[in-house]
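Colleague: Whole structure, please, built from the sequences with the hints as guidance.
There are 2 protein chains.
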Amino acid sequence: MSNPTAAMLVIGDEILSGRTRDANMHYLASELTKHGIALQEVRVVSDDPNAITDAVRALSDAFTHVFTSGGIGPTHDDITAENVAAAFDRPIDVRADARAILEEHYTRTGLELNNARLRMARIPDGASLIENPISAAPGFTLENVHVMAGVPSIFKAMLAAVLPTLTGGAPMLSQTLQILRGEGDIAGPLSDLADRYPDLSFGSYPFSRDGVYGSNVVIRSTDGALLDAAMSELNRLFPE
Amino acid sequence: MSNPTAAMLVIGDEILSGRTRDANMHYLASELTKHGIALQEVRVVSDDPNAITDAVRALSDAFTHVFTSGGIGPTHDDITAENVAAAFDRPIDVRADARAILEEHYTRTGLELNNARLRMARIPDGASLIENPISAAPGFTLENVHVMAGVPSIFKAMLAAVLPTLTGGAPMLSQTLQILRGEGDIAGPLSDLADRYPDLSFGSYPFSRDGVYGSNVVIRSTDGALLDAAMSELNRLFPE
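If you read the protein sequences in the order shown, they are chains A and B. Residues in the first sequence are numbered from 1 upward in steps of one, following the numbering used here. Residues in the second sequence are numbered from 241 upward in steps of one, following the numbering used here.
Which stretches of chain B does chain A cover? Using the computed rule of at least three CB atoms under 8 Å from a CB of chain A, they are:
(1) 255-264
(2) 305-317
(3) 421-435
(4) 439-451
What follows is a set of in silico ranges between Cβ atoms, one per label pair, in the way DEER data are often shown:
(5) A:P133 to B:T407: 45 to 51 Å
(6) A:G211 to B:D329: 37 to 43 Å
(7) A:T109 to B:G276: 40 to 46 Å
(8) B:V452 to A:E143: 34 to 40 Å
(9) A:G211 to B:D294: 37 to 43 Å
(10) A:G211 to B:P404: 24 to 30 Å
Under 7 Å between C-beta atoms, here's a sample of chain B residues computed to sit facing chain A:
(11) A269
(12) S270
(13) T273
(14) Q280
(15) R283
(16) S286
Worth flagging that the hints you see were computed from the coordinates, not collected in a lab. Quick reminder that beta carbons are idealized off the backbone N, C-alpha and C, glycines included.
Modeller: Structure representation (structure tokens):
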């Protein structure tokens, strides 16, 4: 598969402590799949400088794109921006273009652009800004790393600004057959079918609902005709 | 902080493609926090042998415990067990004790213990079994890696079997104050307070609801008295 690849890096003690649930992973995964970019890894790390820089370097090296979520607000525990800069050995400071965006926003809303809020105008050298239509403070793209907010509404808005600028691949198509039999009963024939279609991805995801065991079999490909052919065979193997 | 540490490894193309949402991370995070084990990293990787072995080695080296979720069923895409074994250079095959558990279960339920189901009795040399009271097929612990099912009900049951066997630390306590002001207004005083309590962890988690901006400030510690003192100061800084 030659589609571009991606990883996500979530920065947040609040998720690792169980206080909140991550809300952005599932959204990013769905949007990237539609855009033909294959999300291949997600990491959640704590609000720790080394954890952030190590993860940024590893993921930036391994994948076409990295999307980060969280840690770019005004408080002392928002340390993503400086550590993404550190991962690429770039200086970071308040930048005029980002400062101008905040000045305009806070003048309009009647709030003070204090030192804490000014932290949100710190942008690494060489980064380009990502627009934030909700609360103004921009994200940024440095190298292949897209640094975005953790608040879900802002994360979505920033992703909507970034995604159209990225080269996508052929959209990944998928079809699902729900089979109301235990996975152990379908595993043999399913494996044989997967062997005959080596270019397709076959997944089997078991569930139990009200005491009934079943499995969702998902076939994925960028080739719609091949997918249809395999799905027809799957339907013949496991008729209703 | 000297509490034991942990990482989670989620194996699953279905989460990375956006087809399903991970359901186990938040549960594991909450349970570990209660048990005094600090979850410090989560990785989600695809159903790829190298991705799994690389992550198992890295996380096993870095943290006291690793908990995996997913990929131990009977189908061809369930490749977690053999790749955890490979990460530690251990042989893996059908093991008598695990096979006996499956034989008893399938005899009782009248289902055939076919080759696909027998895959679930493959256990790495030297691993100990983790009981599965729901669908019998066991998980296992190899070195400091606890290999568990992805189906949430089974993941929970396996965690309930493993957790009491692990040495926990002092439970991490937390108190939260919801402040209905923008983060930029509270960041300065909050940072000063955090500086005066260097042994406590201070987090600020912004939200907007119905157009109102606010922040949940969370203070965490294993020391209840110190936590109470800091929380009293926080309440004085930001009265209702």
